[in-house]
Amino acid sequence: MPPASGTTLLEVPSTPAMNAASPVPTVATPTGLTQMQTLEEDDAPPEAKPAVTALKKFLTAGSLAERLQHTLGADLMKPLMERYYTRSSDGPVIVDRIQFVRMDPNPELGSGKHCIFNLENKTWEFPVPVMLEEQPDGFKVDWLAFVEFKDRLLEKFFQTYQEGPARFHVGIIRHHYFEDGVPNLDRKDAFRVSPAPPNPFQASVFLEKETALAQELRARLPWETHVWAVVELEWKKLGSQQWVELSAVPQMHWYSLPMAPRPISTPQKALEREELPPGISKNGVSGKSSSQSVNTPPPGIKKSNPNLPSTIKRPLPAGR
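Under the working numbering, the final residue of the sequence shown carries the number 320; numbering is consecutive throughout.
Take these hints with a grain of salt, some might be off.
[Stated by the list, open to error] The calculated lysine-lysine pairs, modelled on PhoX-like cross-linking and capped at a C-alpha distance of 25 Å, are:
#: 1; residue 1: K78; residue 2: K56
#: 2; residue 1: K150; residue 2: K49
#: 3; residue 1: K209; residue 2: K57
#: 4; residue 1: K57; residue 2: K122
#: 5; residue 1: K113; residue 2: K78
#: 6; residue 1: K156; residue 2: K113
#: 7; residue 1: K78; residue 2: K57
#: 8; residue 1: K78; residue 2: K150
In case anyone wonders, no lab produced these hints; they're calculated from the structure.
With the sequences and hints as input, model every part of the structure.
Here's what the structure looks like:
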(Lines of atoms letter the chains of each structure in order from A; the text may use other names.)
(Lines give C-alpha, C1' and ligand atoms only; values in the text may rest on other atoms or scores of the structure.)
Protein backbone atom coordinates (compact mmCIF):
# COMPACT_ATOMS: atom_id res chain seq x y z
CA MET A 1 0.00 0.00 0.00
CA PRO A 2 1.67 3.28 -1.08
CA PRO A 3 2.06 6.18 1.34
CA ALA A 4 -0.78 8.67 1.56
CA SER A 5 -0.47 11.82 -0.51
CA GLY A 6 1.91 14.33 1.04
CA THR A 7 3.66 11.79 3.26
CA THR A 8 7.09 10.25 2.85
CA LEU A 9 9.11 7.57 4.51
CA LEU A 10 12.41 8.18 6.22
CA GLU A 11 15.17 6.96 3.93
CA VAL A 12 18.11 5.06 5.36
CA PRO A 13 21.04 7.17 4.08
CA SER A 14 23.76 5.53 2.03
CA THR A 15 27.07 5.24 3.86
CA PRO A 16 29.26 8.22 2.81
CA ALA A 17 32.97 8.10 2.20
CA MET A 18 34.57 7.36 5.54
CA ASN A 19 37.60 9.66 5.13
CA ALA A 20 39.96 6.71 5.60
CA ALA A 21 38.16 5.60 8.75
CA SER A 22 38.29 1.95 9.68
CA PRO A 23 35.24 -0.01 8.51
CA VAL A 24 32.72 -1.20 11.06
CA PRO A 25 33.43 -4.85 11.96
CA THR A 26 31.12 -7.37 10.35
CA VAL A 27 29.82 -10.55 11.88
CA ALA A 28 29.44 -13.69 9.82
CA THR A 29 25.91 -15.03 9.56
CA PRO A 30 25.65 -18.32 11.49
CA THR A 31 24.73 -21.55 9.79
CA GLY A 32 22.18 -22.30 12.50
CA LEU A 33 20.16 -20.48 15.11
CA THR A 34 21.63 -22.07 18.21
CA GLN A 35 23.33 -18.83 19.24
CA MET A 36 20.01 -17.00 19.09
CA GLN A 37 18.31 -19.71 21.14
CA THR A 38 20.82 -19.38 23.98
CA LEU A 39 21.12 -15.59 24.19
CA GLU A 40 20.85 -13.97 27.61
CA GLU A 41 17.57 -12.28 28.36
CA ASP A 42 16.71 -9.99 31.22
CA ASP A 43 13.49 -10.76 33.06
CA ALA A 44 10.66 -8.91 31.33
CA PRO A 45 7.22 -8.42 32.87
CA PRO A 46 4.53 -10.87 31.71
CA GLU A 47 2.83 -8.25 29.55
CA ALA A 48 6.09 -7.79 27.60
CA LYS A 49 6.61 -11.49 26.83
CA PRO A 50 4.73 -11.32 23.48
CA ALA A 51 7.03 -8.48 22.43
CA VAL A 52 10.10 -10.53 23.39
CA THR A 53 8.83 -13.43 21.28
CA ALA A 54 8.20 -11.15 18.29
CA LEU A 55 11.63 -9.56 18.64
CA LYS A 56 13.34 -12.95 18.64
CA LYS A 57 11.49 -13.94 15.47
CA PHE A 58 12.56 -10.67 13.84
CA LEU A 59 16.20 -11.20 14.81
CA THR A 60 16.35 -14.85 13.75
CA ALA A 61 14.65 -14.27 10.40
CA GLY A 62 16.65 -15.95 7.66
CA SER A 63 15.46 -13.75 4.80
CA LEU A 64 13.89 -10.40 3.98
CA ALA A 65 10.53 -12.05 3.35
CA GLU A 66 10.58 -13.62 6.80
CA ARG A 67 11.71 -10.40 8.52
CA LEU A 68 8.92 -8.43 6.84
CA GLN A 69 6.39 -10.57 8.72
CA HIS A 70 7.65 -9.04 11.98
CA THR A 71 8.27 -5.45 10.75
CA LEU A 72 6.11 -2.46 11.63
CA GLY A 73 4.52 -0.95 8.50
CA ALA A 74 5.96 -3.74 6.34
CA ASP A 75 4.23 -2.59 3.13
CA LEU A 76 5.73 0.87 3.48
CA MET A 77 9.15 -0.32 4.65
CA LYS A 78 9.61 -3.03 2.01
CA PRO A 79 11.15 -0.78 -0.70
CA LEU A 80 13.62 0.66 1.80
CA MET A 81 14.46 -2.77 3.15
CA GLU A 82 15.01 -4.18 -0.33
CA ARG A 83 17.52 -1.39 -1.08
CA TYR A 84 19.19 -1.77 2.31
CA TYR A 85 19.68 -5.53 1.95
CA THR A 86 21.36 -5.19 -1.42
CA ARG A 87 24.43 -4.09 0.59
CA SER A 88 23.79 -5.92 3.88
CA SER A 89 23.02 -9.52 4.75
CA ASP A 90 19.32 -10.22 5.24
CA GLY A 91 20.03 -13.22 7.48
CA PRO A 92 19.83 -13.45 11.28
CA VAL A 93 20.98 -10.51 13.40
CA ILE A 94 23.31 -11.86 16.07
CA VAL A 95 22.81 -10.52 19.58
CA ASP A 96 24.13 -11.78 22.89
CA ARG A 97 21.58 -10.21 25.18
CA ILE A 98 18.08 -8.73 25.12
CA GLN A 99 17.46 -6.23 27.91
CA PHE A 100 13.92 -5.03 28.68
CA VAL A 101 13.79 -1.22 29.09
CA ARG A 102 10.15 -0.17 29.34
CA MET A 103 6.62 -0.64 28.08
CA ASP A 104 4.09 2.11 27.37
CA PRO A 105 0.56 0.65 27.43
CA ASN A 106 -1.05 3.89 26.24
CA PRO A 107 1.31 5.90 23.99
CA GLU A 108 0.35 9.29 22.60
CA LEU A 109 0.73 8.06 19.01
CA GLY A 110 0.22 4.74 17.31
CA SER A 111 -2.35 1.99 17.45
CA GLY A 112 -1.11 -0.15 20.33
CA LYS A 113 1.36 -0.69 23.15
CA HIS A 114 5.00 0.27 22.67
CA CYS A 115 7.84 -1.79 24.10
CA ILE A 116 11.55 -0.88 24.19
CA PHE A 117 14.52 -3.25 24.47
CA ASN A 118 18.29 -2.82 24.33
CA LEU A 119 20.21 -5.35 22.23
CA GLU A 120 23.83 -6.21 22.92
CA ASN A 121 26.44 -7.83 20.71
CA LYS A 122 30.08 -8.37 21.68
CA THR A 123 31.18 -6.54 18.51
CA TRP A 124 29.00 -3.47 19.16
CA GLU A 125 30.47 -0.64 21.23
CA PHE A 126 27.08 0.28 22.69
CA PRO A 127 23.73 -1.47 23.17
CA VAL A 128 21.26 -0.74 20.38
CA PRO A 129 17.67 0.22 21.26
CA VAL A 130 14.76 -1.31 19.39
CA MET A 131 11.05 -0.45 19.60
CA LEU A 132 8.07 -2.70 19.00
CA GLU A 133 4.45 -1.69 18.62
CA GLU A 134 1.44 -3.93 19.17
CA GLN A 135 -0.67 -4.45 16.05
CA PRO A 136 -3.85 -6.54 15.60
CA ASP A 137 -1.69 -9.52 14.58
CA GLY A 138 0.94 -9.07 17.30
CA PHE A 139 3.98 -6.93 18.11
CA LYS A 140 6.03 -5.56 15.20
CA VAL A 141 9.58 -4.19 15.18
CA ASP A 142 10.48 -0.67 14.10
CA TRP A 143 13.08 -1.76 11.58
CA LEU A 144 13.94 1.73 10.34
CA ALA A 145 15.21 3.22 13.60
CA PHE A 146 16.85 -0.08 14.54
CA VAL A 147 19.16 -0.22 11.50
CA GLU A 148 19.93 3.50 11.79
CA PHE A 149 21.14 3.10 15.37
CA LYS A 150 22.82 -0.27 14.76
CA ASP A 151 24.77 1.05 11.77
CA ARG A 152 25.51 4.37 13.55
CA LEU A 153 24.53 6.34 10.47
CA LEU A 154 24.43 9.72 12.21
CA GLU A 155 28.09 9.39 13.20
CA LYS A 156 29.07 8.33 9.68
CA PHE A 157 27.28 11.34 8.23
CA PHE A 158 29.39 13.71 10.36
CA GLN A 159 32.71 12.05 9.47
CA THR A 160 33.15 13.87 6.17
CA TYR A 161 31.45 16.25 3.77
CA GLN A 162 28.89 14.78 1.40
CA GLU A 163 26.39 16.17 -1.07
CA GLY A 164 22.68 16.25 -0.42
CA PRO A 165 20.46 16.08 2.68
CA ALA A 166 19.91 13.04 4.91
CA ARG A 167 17.37 12.35 7.65
CA PHE A 168 17.93 10.89 11.09
CA HIS A 169 16.18 10.04 14.37
CA VAL A 170 17.89 12.30 16.93
CA GLY A 171 17.64 13.91 20.28
CA ILE A 172 17.90 17.66 19.74
CA ILE A 173 18.40 20.59 22.12
CA ARG A 174 19.55 24.19 21.76
CA HIS A 175 23.07 24.99 22.91
CA HIS A 176 25.77 27.66 22.79
CA TYR A 177 28.57 27.25 20.27
CA PHE A 178 31.79 29.28 20.54
CA GLU A 179 34.27 27.48 18.29
CA ASP A 180 35.64 28.76 14.98
CA GLY A 181 34.85 27.29 11.60
CA VAL A 182 31.24 28.38 11.09
CA PRO A 183 30.78 31.64 9.17
CA ASN A 184 28.41 34.37 10.44
CA LEU A 185 27.84 32.48 13.67
CA ASP A 186 26.10 35.48 15.24
CA ARG A 187 23.30 35.08 12.67
CA LYS A 188 22.77 31.38 13.36
CA ASP A 189 21.03 29.31 16.02
CA ALA A 190 23.01 26.28 17.24
CA PHE A 191 21.58 22.90 18.21
CA ARG A 192 23.11 19.71 19.58
CA VAL A 193 21.97 16.45 17.98
CA SER A 194 22.65 12.91 19.18
CA PRO A 195 21.50 9.35 18.45
CA ALA A 196 19.58 7.17 20.90
CA PRO A 197 21.23 6.49 24.26
CA PRO A 198 23.47 4.96 25.45
CA ASN A 199 25.54 6.04 22.44
CA PRO A 200 27.13 9.30 23.71
CA PHE A 201 27.92 10.78 20.27
CA GLN A 202 26.80 14.38 19.76
CA ALA A 203 27.40 17.06 17.14
CA SER A 204 26.43 20.65 16.46
CA VAL A 205 24.14 21.81 13.65
CA PHE A 206 23.18 25.34 12.66
CA LEU A 207 20.22 27.28 11.34
CA GLU A 208 19.92 30.85 10.04
CA LYS A 209 17.96 32.85 12.63
CA GLU A 210 15.81 34.62 10.01
CA THR A 211 14.38 31.46 8.42
CA ALA A 212 10.79 30.35 9.01
CA LEU A 213 12.06 27.12 10.56
CA ALA A 214 14.19 29.00 13.09
CA GLN A 215 11.25 31.19 14.07
CA GLU A 216 9.02 28.15 14.56
CA LEU A 217 11.62 26.31 16.63
CA ARG A 218 12.01 29.27 18.98
CA ALA A 219 8.45 28.61 20.10
CA ARG A 220 8.47 24.83 19.94
CA LEU A 221 12.04 24.17 21.07
CA PRO A 222 13.00 26.82 23.65
CA TRP A 223 16.09 26.58 25.83
CA GLU A 224 16.39 23.49 28.08
CA THR A 225 13.74 21.62 26.07
CA HIS A 226 14.99 18.27 24.77
CA VAL A 227 13.05 16.67 21.92
CA TRP A 228 13.14 13.30 20.16
CA ALA A 229 12.63 14.26 16.51
CA VAL A 230 13.35 13.37 12.92
CA VAL A 231 15.60 15.99 11.36
CA GLU A 232 16.99 16.67 7.92
CA LEU A 233 20.66 17.63 7.89
CA GLU A 234 22.83 18.92 5.05
CA TRP A 235 26.51 19.75 4.78
CA LYS A 236 27.43 23.32 3.75
CA LYS A 237 30.77 24.86 2.84
CA LEU A 238 32.20 28.28 2.17
CA GLY A 239 35.83 28.34 1.14
CA SER A 240 37.69 26.19 3.65
CA GLN A 241 34.84 26.25 6.17
CA GLN A 242 32.41 23.32 6.44
CA TRP A 243 29.45 22.89 8.74
CA VAL A 244 26.15 21.00 8.95
CA GLU A 245 22.86 22.84 8.61
CA LEU A 246 19.47 21.87 10.04
CA SER A 247 17.31 22.14 6.92
CA ALA A 248 14.02 20.61 8.10
CA VAL A 249 12.25 18.96 11.04
CA PRO A 250 9.76 16.58 9.44
CA GLN A 251 8.54 15.14 12.76
CA MET A 252 8.62 16.13 16.43
CA HIS A 253 8.54 12.46 17.45
CA TRP A 254 10.06 9.12 16.47
CA TYR A 255 6.92 7.34 15.34
CA SER A 256 7.72 5.12 12.38
CA LEU A 257 4.71 5.42 10.14
CA PRO A 258 3.81 8.46 8.00
CA MET A 259 2.03 11.26 9.81
CA ALA A 260 -0.44 13.78 8.42
CA PRO A 261 1.06 17.18 9.41
CA ARG A 262 3.36 18.82 6.86
CA PRO A 263 7.07 18.90 7.68
CA ILE A 264 8.55 22.06 9.16
CA SER A 265 11.20 23.36 6.79
CA THR A 266 12.81 26.66 5.89
CA PRO A 267 10.55 27.53 2.92
CA GLN A 268 7.32 26.47 4.61
CA LYS A 269 4.90 28.32 6.86
CA ALA A 270 5.12 27.31 10.52
CA LEU A 271 2.63 24.74 11.73
CA GLU A 272 -0.14 26.01 13.95
CA ARG A 273 -0.98 22.60 15.44
CA GLU A 274 -0.46 18.86 15.03
CA GLU A 275 -3.22 16.31 14.53
CA LEU A 276 -3.33 12.54 14.60
CA PRO A 277 -3.97 11.22 11.07
CA PRO A 278 -6.92 8.97 10.18
CA GLY A 279 -6.46 5.46 11.50
CA ILE A 280 -4.31 6.50 14.46
CA SER A 281 -6.06 6.95 17.75
CA LYS A 282 -5.42 7.80 21.37
CA ASN A 283 -7.60 6.26 24.05
CA GLY A 284 -9.97 5.08 21.32
CA VAL A 285 -10.54 8.58 19.88
CA SER A 286 -9.28 9.12 16.32
CA GLY A 287 -7.86 12.32 14.93
CA LYS A 288 -6.83 14.73 17.67
CA SER A 289 -8.47 18.06 16.87
CA SER A 290 -8.06 20.28 19.92
CA SER A 291 -5.56 23.13 19.59
CA GLN A 292 -2.53 23.16 21.83
CA SER A 293 -2.05 26.05 24.22
CA VAL A 294 0.91 28.36 23.75
CA ASN A 295 2.62 27.06 26.88
CA THR A 296 1.94 23.36 26.27
CA PRO A 297 4.66 21.45 24.36
CA PRO A 298 3.34 19.51 21.33
CA PRO A 299 3.35 15.67 21.23
CA GLY A 300 6.85 14.24 21.54
CA ILE A 301 8.28 17.27 23.37
CA LYS A 302 9.16 17.18 27.04
CA LYS A 303 10.98 19.51 29.39
CA SER A 304 14.31 18.23 30.62
CA ASN A 305 17.73 19.38 31.65
CA PRO A 306 20.30 19.96 28.87
CA ASN A 307 21.93 16.58 29.52
CA LEU A 308 20.65 13.69 27.47
CA PRO A 309 18.65 11.12 29.45
CA SER A 310 20.14 7.69 29.99
CA THR A 311 17.17 5.91 28.42
CA ILE A 312 14.55 6.64 25.79
CA LYS A 313 11.66 8.34 27.55
CA ARG A 314 9.17 8.29 24.69
CA PRO A 315 9.49 5.33 22.31
CA LEU A 316 8.04 7.02 19.26
CA PRO A 317 10.29 6.38 16.21
CA ALA A 318 9.47 8.10 12.97
CA GLY A 319 9.86 7.14 9.33
CA ARG A 320 9.90 8.17 5.74
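**Prompt:** Which of the listed hints are not met by the structure?
**Reply:** Hints 3, 6 are the ones this structure does not satisfy, whereas the remaining hints hold.
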